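K.L.:
Given next are the chains, with one letter for each unit.
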Amino acid sequence: MDSPEESAELRRKAGYTFTLLSDPKGEVIRSYDLLHPRAGPGGSDIARPAEFYLDATGNVRWVNLTPSIVVRATPEEMLAAIDASRQGG
Amino acid sequence: MSLWFGLAVVLAAPVLYLTVFIRFPVTRDVPWPALLLFAVGLGLLVHAWLAARRDSRVWRGRVAAPIALAFGVALTGLFCFGIFYQARQVPVSRGAPRVGQIAPDFTLPDQDGRPVSLAQLLGASNGAMLVFYRGYW
Numbered sequence: 000m001d002s003p004e005e006s007a008e009l010r011r012k013a014g015y016t017f018t019l020l021s022d023p024k025g026e027v028i029r030s031y032d033l034l035h036p037r038a039g040p041g042g043s044d045i046a047r048p049a050e051f052y053l054d055a056t057g058n059v060r061w062v063n064l065t066p067s068i069v070v071r072a073t074p075e076e077m078l079a080a081i082d083a084s085r086q087g088g
Numbered sequence: 000m001s002l003w004f005g006l007a008v009v010l011a012a013p014v015l016y017l018t019v020f021i022r023f024p025v026t027r028d029v030p031w032p033a034l035l036l037f038a039v040g041l042g043l044l045v046h047a048w049l050a051a052r053r054d055s056r057v058w059r060g061r062v063a064a065p066i067a068l069a070f071g072v073a074l075t076g077l078f079c080f081g082i083f084y085q086a087r088q089v090p091v092s093r094g095a096p097r098v099g100q101i102a103p104d105f106t107l108p109d110q111d112g113r114p115v116s117l118a119q120l121l122g123a124s125n126g127a128m129l130v131f132y133r134g135y136w
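Chains R and H are the protein sequences, given in the same order.
Sequence positions in the first sequence follow numbering that gives the first Met the number 0 and run 0 to 88.
Sequence positions in the second sequence follow numbering that gives the first Met the number 0 and run 0 to 136.
The set of hints was computed from the structure by calculation and includes no laboratory data.
Don't take every hint at face value.
Said to hold, decoys possible - Within a straight-line C-alpha distance of at most 25 Å, the following computed SDA-like cross-link-like pairs (lysine to any residue) qualify:
{"no.": "1", "chain 1": "R", "residue 1": "K12", "chain 2": "H", "residue 2": "L107"}
{"no.": "2", "chain 1": "R", "residue 1": "K12", "chain 2": "H", "residue 2": "R113"}
{"no.": "3", "chain 1": "R", "residue 1": "K24", "chain 2": "R", "residue 2": "M0"}
{"no.": "4", "chain 1": "R", "residue 1": "K12", "chain 2": "H", "residue 2": "R133"}
As the structure is a computational prediction, the values presented were derived from the model and not from experiment.
Using the sequences and the hints given, assemble the complete structure.
P.N.:
Printed below as a string of structure tokens:
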């Protein structure tokens, strides 16, 4: 739910090259049922961690909804999901 | 001796978890090195406590050892509470898109404030990995 400015700072500091989208009002986060109410700084609403791989048609091919905020999908798991999706056609 | 060493090991466990172990999935997802350090540290503190009980001349140890042991137990409990309970208070998200469903389209501003739609992302790279994260703070 960061602002575009915060995302730009994170992108610059971390050296990310992928697109960082902002959802300050949490509209998309809510529509994906990923809101974690009052879990952010100062009791603000944030997104729970979640990863989705979508194919070119927007079809969900892989989902990771972690049960713990300290356990996240690894880059290797994400790459494997992309490979499996593309090989599966 | 084992009192101070035990205290140092018990203190090192959460510090190393938050600074080093958390960076690697193998030591983060199941925090076994941190738990091992807690076990070693608590073992040393118990040893110091038993030694202090045996030797009544070491009056400082008789006072410090139980305090250090109580601190070690409390710190271990706090760590386990954080990792095994607090970190797991994540919403279930039953309504999240599932495999085989079409992900809802959306348009959101990117890091430069330009509106970007999901359809654009999908078209640009023949698919997309959507990563929802807790934010940058």
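K.L.:
Would you mind marking each hint as holding or not holding in the structure?
P.N.:
Here's how the hints hold up against the structure:
{"no.": "1", "hint": "R/K12 x H/L107", "result": "22 Å, holds"}
{"no.": "2", "hint": "R/K12 x H/R113", "result": "20 Å, holds"}
{"no.": "3", "hint": "R/K24 x R/M0", "result": "7 Å, holds"}
{"no.": "4", "hint": "R/K12 x H/R133", "result": "17 Å, holds"}
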